[in-house]
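Protein sequence lines, in the order shown, are assigned to chains A, B, C, D, E and F. Under my numbering, the first residue of the first sequence carries the number 60, and numbering increases by one thereafter. Under my numbering, the first residue of the second sequence carries the number 60, and numbering increases by one thereafter. Under my numbering, the first residue of the third sequence carries the number 60, and numbering increases by one thereafter. Under my numbering, the first residue of the fourth sequence carries the number 60, and numbering increases by one thereafter. Under my numbering, the first residue of the fifth sequence carries the number 60, and numbering increases by one thereafter. Under my numbering, the first residue of the sixth sequence carries the number 60, and numbering increases by one thereafter.
These are calculated hints, taken from the structure and not from any lab test. It cannot be assumed that every hint is accurate.
Copies of one chain are not kept apart here, so a pair can be met inside one copy or by any two copies together.
[What the hints assert, rightly or not] Capping the alpha-carbon separation at 16 Å, the derived lysine to aspartate or glutamate pairs in EDC-like fashion look like this: (1) Lys127 to Glu69; (2) Lys226 to Glu108; (3) Lys182 to Asp210; (4) Lys229 to Asp167; (5) Lys160 to Asp234; (6) Lys192 to Asp95.
Protein chains: 6
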Amino acid sequence: MPVVEAHLLEGYTPEEKSRLTTALTDAIRLVVPTSDEAVTVMIHEMAPENYARGGKSRAPAPALPDPKQIALDFLAAMEKGDLATAEAMLAPGFRMTFPGKALMATIDDLIEWAKDRYRFVKKTVTCTEAFHKDGAAVVFVSGTLSGEWPDGAPFEGIRFIDRFEIKGGKLVSQDVWNDIAEERSK
Amino acid sequence: MPVVEAHLLEGYTPEEKSRLTTALTDAIRLVVPTSDEAVTVMIHEMAPENYARGGKSRAPAPALPDPKQIALDFLAAMEKGDLATAEAMLAPGFRMTFPGKALMATIDDLIEWAKDRYRFVKKTVTCTEAFHKDGAAVVFVSGTLSGEWPDGAPFEGIRFIDRFEIKGGKLVSQDVWNDIAEERSK
Amino acid sequence: MPVVEAHLLEGYTPEEKSRLTTALTDAIRLVVPTSDEAVTVMIHEMAPENYARGGKSRAPAPALPDPKQIALDFLAAMEKGDLATAEAMLAPGFRMTFPGKALMATIDDLIEWAKDRYRFVKKTVTCTEAFHKDGAAVVFVSGTLSGEWPDGAPFEGIRFIDRFEIKGGKLVSQDVWNDIAEERSK
Amino acid sequence: MPVVEAHLLEGYTPEEKSRLTTALTDAIRLVVPTSDEAVTVMIHEMAPENYARGGKSRAPAPALPDPKQIALDFLAAMEKGDLATAEAMLAPGFRMTFPGKALMATIDDLIEWAKDRYRFVKKTVTCTEAFHKDGAAVVFVSGTLSGEWPDGAPFEGIRFIDRFEIKGGKLVSQDVWNDIAEERSK
Amino acid sequence: MPVVEAHLLEGYTPEEKSRLTTALTDAIRLVVPTSDEAVTVMIHEMAPENYARGGKSRAPAPALPDPKQIALDFLAAMEKGDLATAEAMLAPGFRMTFPGKALMATIDDLIEWAKDRYRFVKKTVTCTEAFHKDGAAVVFVSGTLSGEWPDGAPFEGIRFIDRFEIKGGKLVSQDVWNDIAEERSK
Amino acid sequence: MPVVEAHLLEGYTPEEKSRLTTALTDAIRLVVPTSDEAVTVMIHEMAPENYARGGKSRAPAPALPDPKQIALDFLAAMEKGDLATAEAMLAPGFRMTFPGKALMATIDDLIEWAKDRYRFVKKTVTCTEAFHKDGAAVVFVSGTLSGEWPDGAPFEGIRFIDRFEIKGGKLVSQDVWNDIAEERSK
Chain A
60 MPVVEAHLLE GYTPEEKSRL TTALTDAIRL VVPTSDEAVT VMIHEMAPEN YARGGKSRAP
120 APALPDPKQI ALDFLAAMEK GDLATAEAML APGFRMTFPG KALMATIDDL IEWAKDRYRF
180 VKKTVTCTEA FHKDGAAVVF VSGTLSGEWP DGAPFEGIRF IDRFEIKGGK LVSQDVWNDI
240 AEERSK
Chain B
60 MPVVEAHLLE GYTPEEKSRL TTALTDAIRL VVPTSDEAVT VMIHEMAPEN YARGGKSRAP
120 APALPDPKQI ALDFLAAMEK GDLATAEAML APGFRMTFPG KALMATIDDL IEWAKDRYRF
180 VKKTVTCTEA FHKDGAAVVF VSGTLSGEWP DGAPFEGIRF IDRFEIKGGK LVSQDVWNDI
240 AEERSK
Chain C
60 MPVVEAHLLE GYTPEEKSRL TTALTDAIRL VVPTSDEAVT VMIHEMAPEN YARGGKSRAP
120 APALPDPKQI ALDFLAAMEK GDLATAEAML APGFRMTFPG KALMATIDDL IEWAKDRYRF
180 VKKTVTCTEA FHKDGAAVVF VSGTLSGEWP DGAPFEGIRF IDRFEIKGGK LVSQDVWNDI
240 AEERSK
Chain D
60 MPVVEAHLLE GYTPEEKSRL TTALTDAIRL VVPTSDEAVT VMIHEMAPEN YARGGKSRAP
120 APALPDPKQI ALDFLAAMEK GDLATAEAML APGFRMTFPG KALMATIDDL IEWAKDRYRF
180 VKKTVTCTEA FHKDGAAVVF VSGTLSGEWP DGAPFEGIRF IDRFEIKGGK LVSQDVWNDI
240 AEERSK
Chain E
60 MPVVEAHLLE GYTPEEKSRL TTALTDAIRL VVPTSDEAVT VMIHEMAPEN YARGGKSRAP
120 APALPDPKQI ALDFLAAMEK GDLATAEAML APGFRMTFPG KALMATIDDL IEWAKDRYRF
180 VKKTVTCTEA FHKDGAAVVF VSGTLSGEWP DGAPFEGIRF IDRFEIKGGK LVSQDVWNDI
240 AEERSK
Chain F
60 MPVVEAHLLE GYTPEEKSRL TTALTDAIRL VVPTSDEAVT VMIHEMAPEN YARGGKSRAP
120 APALPDPKQI ALDFLAAMEK GDLATAEAML APGFRMTFPG KALMATIDDL IEWAKDRYRF
180 VKKTVTCTEA FHKDGAAVVF VSGTLSGEWP DGAPFEGIRF IDRFEIKGGK LVSQDVWNDI
240 AEERSK
């Protein structure tokens, strides 16, 4: 039954407002036992001049980009080997953690580390999930890996999950878990 | 600057309302570029008689339990070997996916599968994250594993992440990724 | 989908608030094409000190009595011949209009008029409807009449409808239509 | 003193919103003892994208037509003998009840029944009232009849009241009471 | 922390709404101990057709002019000797009170009274404050006077404060205090 | 017609809320041309746990004391010669400005300055006005002075106005204008 009203400065697109109403509906359902159908969300938009905090109007800021899309775009750039694009998506202080190799700081580190592991790898994404926590967007991307081992033998269907933190539209961290070693050890 | 108002039937505890205001704040921040400080959330509670949908009042339902706690309690019960408690937390149709072993349906399956892998394992949890999506709570628990290999040699600091889906307070699924094979292959 | 919020001074009973949420739901549905299920009504109650018009608080007043009940009570008093009770329910200036006899002002007039028509009459009420309009509650009561003709022959199943106007809990007018003459003319 | 806020999808005309604010004011006054002047109604309109139930936007639907006008249009078509127009206004399952003749289902039935009663009849409407109840609009039309008896003698000033139920803009039922037999029996 | 929502008919300018949000922020801070930063004000504007009191829409009226500006304009007109403009700003029944001379009713009175006091006087305004009280705007203008005494000697830095009452954009009263006599008595 | 809603943490007294509704009504009337009667103010109170900014609840703070009363209490203490009470009401950095004597910082300064001016003085207050501006309450107290000149001759009816600034319940400044010199120079 909950009814949620969100008062915003005007200027968001329908897609951005749709992301917002979904996020607010999910927030309610994390605590209140109710069906989706029973959660009503209303967004009230205001002209900047109709809002004041501390007696002063605020300029509206563009919505944050969809963090799921940022994570997927980064993975796509990496898969294509478009390292310039991938690196442009990283925040200062970015760090990566991959199985067996904690805390790489650059994509070059990653390439160096990966070269003994596989010739190439492709991701088939089956699930992308995002939420906000402690000042950052958190995105989980999971699915399966396919590619070729260093000896050229193909592999596929190896489970993976990546966790990204994103602030201000830039990637702050990437943590990766997968079953590559499990598969290799068979 | 957003202001969020949530209208609820009365009866939630301060802790439950705190979880709700946090979730609503996070929902806003997923889309609207603003500081935490600038997000105001107000909960308006109503007596059941003051609310009607379709001309009828609704009885308030108890809040959903914190899904993070459910996941942590399940992991603790498993670690203690308290299988009765752990099994009581499973929804019908529960399924588990562990590295190299998809789709186990019972805890007995898990124990059978695990017995060649390690004598015992303990989890040090460093991060627990929960959100709601598509009708279920999703919880991610990550951290490191320690324990003994089948030969009695100790191990520690092995990364893991578990993803749980929880509906109506019961576990629907558990997906596990970790670096055990990575470590063994060294 | 409409959501209706009504801000009231506190002090209404659950039954009174139920009448109000029903009336508000019906008001919406007179204009907005929607199912009952989709109309949410919330009543926000305030202590008198939390409300001011013109800078002054207002004392809450008791809810108006249910006008349907007033009409039914009047009809019951008339049927029992409890004329004192019936007359006490009339506002100054009350007027009645019955078939073939416009504008009687007192219950004595009615009794005089009725005595050639039937020995007694009872009402079986099948429908009572009330709404507010132009400063008065309007109540329609309809159903069938049974009783005895002046010659003692019984009758039953004769349709009737009464329209009442009620102000301040007192009856202002009663207009009556029925099929008695139709039946007699057979 | 009550303040009513109605949140609607945008798209209603000023006339439709005027009907709505009147209906909401009347709803309040059915229960709360207050002057018309003291009832404030505010309609907040939203773009469809600013509203979500169950996480989904809803398309706005056109307002329901004024049920009073539907009833009056039907009576006018009948009076003109424009049976095609009148029949097009009927919902499937429509039924009529006239004095002494319950439950006619078609306008042809009505004409057959009426032909021994009068040559023609005209309605002078003095009061039209509408409200919503149990999923249907209810309209009462009352006033006086004039016309000619089968022998050509004129009559006038005969009281009548019609009760209509209207769903989805179509007439579901018509119940008629009048003093024709009363008058004939004089 | 307070959040203030003001529902208005649409049609106010950004400058007028800025005056309003400031006044509402100040109203809160007169009673609630909070920083300016923590007071959020939202103005919700409505088309006239979306608002009804007593079931009737209201036409929006232009905002009241800024009373500070009215007071300053009046003082400027007086200083320039533009008496026609100054007199046009007075409400019927206007009265002035100056040091030692209560209750002058016309500007001619003032000029007559002032002529023995100084050749001319100019105001340097350092503070203008306005608020609303008991149906009138109250404006205080304070600062220092400079000019020439009747003997041609210059003066400056003499404190003054004027209190104006303004209704419907017209000056109802002016009360003046200053240190001219204090200065002359030195 | 404006409707104002103020959302506050609960805990204010009826008197404090009355001051607040009056201040909000006055704030509206400074800009919107409307009668007092047409301004509706509603205060919605919340338990601390129902409010969060930045995801955190806030503890309610006691209302600010009425600044008019503070100013009047200070004047009464001065008039009685209760200097301890008066001094306890001063904020650090307090400054006074009296006719012909700018910027005294202590009450002793004032007494020294005043001793050649009058034996004693009493204030008859006819108007006390308060509002909030730029982080401080501003209070104007005006009326007439009576007392005895240094030579023992009595005086009365001499106009005065005091302007106080008050922060956190303490006096920050006092500015005084009056007609004493005007009167003496007669």
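Hint check results:
no.: 1; hint: Lys127 to Glu69; verdict: neither (24 Å within a copy, 31 Å between copies)
no.: 2; hint: Lys226 to Glu108; verdict: neither (28 Å within a copy, 26 Å between copies)
no.: 3; hint: Lys182 to Asp210; verdict: neither (20 Å within a copy, 36 Å between copies)
no.: 4; hint: Lys229 to Asp167; verdict: neither (18 Å within a copy, 44 Å between copies)
no.: 5; hint: Lys160 to Asp234; verdict: within (10 Å within a copy, 22 Å between copies)
no.: 6; hint: Lys192 to Asp95; verdict: between (22 Å within a copy, 10 Å between copies)
Hint compliance for this structure: hints 1, 2, 3 and 4 are broken, all remaining hints hold.
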